[in-house]
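Trainee: Read off the chains here:
2 protein chains.
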Amino acid sequence: MAKILWKPGTMIYPVPAVMVSCGSVPEEYNIITISWTGTLSSDPPMCYISVRPIRHSYQIIKKNREFVINLTTRKLAYITDWCGVKSGREFDKFKETGLTPVKASKVKAPLIEESPLNIECAVKDILPLGSHDMFISEVLAVHAESAYLSEKDNVFRLSQADLIAYSHGRYFELGRQVGTFGFSVKKRKKK
Amino acid sequence: MAKILWKPGTMIYPVPAVMVSCGSVPEEYNIITISWTGTLSSDPPMCYISVRPIRHSYQIIKKNREFVINLTTRKLAYITDWCGVKSGREFDKFKETGLTPVKASKVKAPLIEESPLNIECAVKDILPLGSHDMFISEVLAVHAESAYLSEKDNVFRLSQADLIAYSHGRYFELGRQVGTFGFSVKKRKKK
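Those protein sequence lines, which keep their order, are chains U and D. Residue numbering for the first sequence follows our numbering, beginning at 1 and increasing consecutively. Residue numbering for the second sequence follows our numbering, beginning at 1 and increasing consecutively.
Some hints could be false.
Derived DSSO-like pairs: lysine-lysine, alpha-carbon spacing no greater than 27 Å straight-line [to be verified]: (1) Lys108/D <-> Lys62/D; (2) Lys124/D <-> Lys95/D; (3) Lys187/D <-> Lys86/U; (4) Lys62/D <-> Lys86/D; (5) Lys106/U <-> Lys3/D; (6) Lys75/U <-> Lys108/D.
Partial chain U-side listing against chain D, Cβ under 7 Å, derived [stated by the list, open to error]: (7) Gly9; (8) Pro14; (9) Leu40; (10) Ile54; (11) Phe94; (12) Lys95; (13) Val123; (14) Ile126; (15) Ser146; (16) Val155; (17) Ala165; (18) Leu174; (19) Gly179; (20) Ser184.
What follows is a set of in silico ranges between Cβ atoms, one per label pair, in the way DEER data are often shown [unchecked claim]: (21) Glu90/D <-> Gln59/U: 47 to 55 Å; (22) Phe91/U <-> Pro44/D: 42 to 50 Å; (23) Lys103/D <-> Arg89/U: 43 to 51 Å; (24) Phe91/U <-> Gly98/D: 51 to 59 Å; (25) Trp6/U <-> Ile4/D: 43 to 51 Å; (26) Ala147/U <-> Ser105/D: 47 to 55 Å; (27) Gly9/D <-> Pro26/U: 26 to 34 Å; (28) Arg65/D <-> Gly169/U: 30 to 38 Å; (29) Gly182/D <-> Pro44/U: 33 to 41 Å; (30) Lys7/D <-> Glu28/U: 24 to 32 Å.
Read the hints as simulated data drawn from the structure, not as lab findings. Even for Gly, the Cβ is constructed at its ideal location relative to N, Cα and C.
Generate the whole structure from the sequences, applying the supplied hints.
Mentor: See below:
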């Protein structure tokens, strides 16, 4: 392969495109779409979101020190994009999108009902890193759509939720499954 | 939708499954597959990887304070999985996988030639968070496969690289494109 050398940039892809809900009372509720997010540690479960200080949600999350990460799907792609480009200063995003705020279990920020999976988070630390501040957070609770929990084998199949990924300016559905974790060392079943 | 409440866990998906290459000399070179990775800030470009201290690569990265993030593809899925479940204490992973180490521009750690995009990183801080330590890092340089750079319009099309995503224990190809960033507010072209 022939490679070209680029200037430094943010090219880790594909990443999620989650809707982050925040606010402690309905008048303050807002939604911001975030791709600079991920898991930091498995036990205790720690995650992060990075937010530009200019964003409307930044002050809300900084003040309340809590938020909810809502995974997004093919069906939610249009709304996901819209919540990323529009500001809560100008729009009541729940009202405009028709998304439904639902009471969370540990935080005051609302869950988004239409999302298949909601992650309640408490901010532990805020790191200024340049264009973005990083909110280092602990996962307090997870809500999962019961339709994807098989009654047969009690396995949760997130793969049925039609999640979307964000890669270099584009949103994609997940496509063909190419393997499961550990498939490279699993013995094949005898026929 | 009906939701079930779960105990806290790490459920932000889909995420990348990158191969991280490290080591300052060939005898030390190693590859570890990481999904707890992402962008922290756009300017300066900052990213992270989280690594369990027990992993062989952990000490190498901690000592050298640098590494390379190599994006992975459908074709590299099997090797990606293998580098995640096997240890560099037992295997010379470049030799076993046939991957090619290539000299980087700013760090001593090698690029993986077969990857379509390599990101050279310098560690700025190490945060112990529990099961994993987080390596907060700055992007020093990016190498991109020239085949995906269109001569016609000088646009880099990462979407042609067949990247894979990792979601709740499974590797997936990226599927159908559902939109580009900002598509929800773009005016449609007149016919």
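Trainee: Against this structure, judge whether each hint is valid.
Mentor: These are the hints, each one checked on the structure:
For the proposed pair lysine 108/D and lysine 62/D, the alpha carbon gap of about 14 Å is at most 27 Å, so the pair holds. The suggested pairing of lysine 124/D with lysine 95/D is violated, with an alpha-carbon distance near 30 Å, which exceeds 27 Å. Taken as a hint, the lysine 187/D and lysine 86/U pair is honoured in the structure, with Cα atoms around 15 Å apart against an allowance of 27 Å. Distance check on the hinted pair: lysine 62/D and lysine 86/D sit about 20 Å apart at the alpha-carbon level, within 27 Å; holds.
For a cut-off of 27 Å, the pair hint linking lysine 106/U to lysine 3/D stands: about 15 Å separates their Cα positions. As the CA atoms of lysine 75/U and lysine 108/D are separated by approximately 45 Å, the hinted pair breaks the 27 Å bound. A hinted interface residue such as glycine 9/U counts as satisfied when its beta carbon comes closer than 7 Å to some beta carbon of chain D; here the least separation is about 5 Å, so the hint holds. With its C-beta approaching chain D no nearer than about 5 Å, proline 14/U sits inside the 7 Å limit, and its interface hint holds.
At a threshold of 7 Å, the smallest CB-CB gap from leucine 40/U to chain D is about 5 Å, leaving the interface hint in force. Annotation: interface hint on isoleucine 54/U violated; nearest CB of chain D at approximately 13 Å, more than 7 Å. Residue-level restraint check for phenylalanine 94/U is violated (minimum Cβ-Cβ distance to chain D is 16 Å; threshold 7 Å). With 7 Å as the threshold, the beta carbon of lysine 95/U stays out of range of chain D, its nearest partner Cβ sitting at about 16 Å, so the hint is violated.
Taking 7 Å as the C-beta contact cut-off toward chain D, the hint placing valine 123/U at the interface is violated, the least distance being around 14 Å. Among the interface hints, the one on isoleucine 126/U is violated; its C-beta lies about 12 Å from the nearest C-beta in chain D, farther than the 7 Å criterion. At a threshold of 7 Å, the smallest CB-CB gap from serine 146/U to chain D is about 5 Å, leaving the interface hint in force. For valine 155/U, the interface hint is violated, since its Cβ never comes within 7 Å of a Cβ in chain D; the closest pair sits about 10 Å apart.
The interface hint given for alanine 165/U holds, since its Cβ lies 5 Å from the closest Cβ of chain D, which is under the 7 Å cut-off. The closest approach between the C-beta of leucine 174/U and any C-beta of chain D is roughly 4 Å, which is under the 7 Å cut-off, so the hint is satisfied. Proximity of glycine 179/U to chain D holds as hinted, the smallest CB-CB distance being about 5 Å (cut-off 7 Å). The beta carbon of serine 184/U comes within 4 Å of a beta carbon in chain D, closer than 7 Å, and the hint placing it at the interface holds.
Checked against the hint of 47 to 55 Å, the C-beta distance between glutamate 90/D and glutamine 59/U comes to roughly 50 Å, which is consistent with it. Between phenylalanine 91/U and proline 44/D the beta carbons are some 31 Å apart, a value that contradicts the proposed interval 42 to 50 Å. Checking the proposed 43 to 51 Å range against lysine 103/D and arginine 89/U shows it holds: the Cβ atoms sit about 49 Å from each other. Between phenylalanine 91/U and glycine 98/D, the C-beta spacing of about 53 Å keeps the proposed range 51 to 59 Å intact.
Separated by about 45 Å at the C-beta atoms, tryptophan 6/U and isoleucine 4/D satisfy the suggested range of 43 to 51 Å. In this structure the supplied range 47 to 55 Å holds for alanine 147/U paired with serine 105/D, their Cβ-Cβ distance being about 49 Å. Under the hint 26 to 34 Å, the C-beta atoms of glycine 9/D and proline 26/U, about 28 Å apart, fit the expected range. The supplied range of 30 to 38 Å is met by arginine 65/D and glycine 169/U, whose beta-carbon atoms lie about 31 Å from each other.
Our hint of 33 to 41 Å for glycine 182/D and proline 44/U holds, since their Cβ atoms are close to 36 Å apart. Under the hint 24 to 32 Å, the C-beta atoms of lysine 7/D and glutamate 28/U, about 28 Å apart, fit the expected range.
Comparing the model with each earlier hint shows violations of hints 2, 6, 10, 11, 12, 13, 14, 16 and 22; every other hint is respected.
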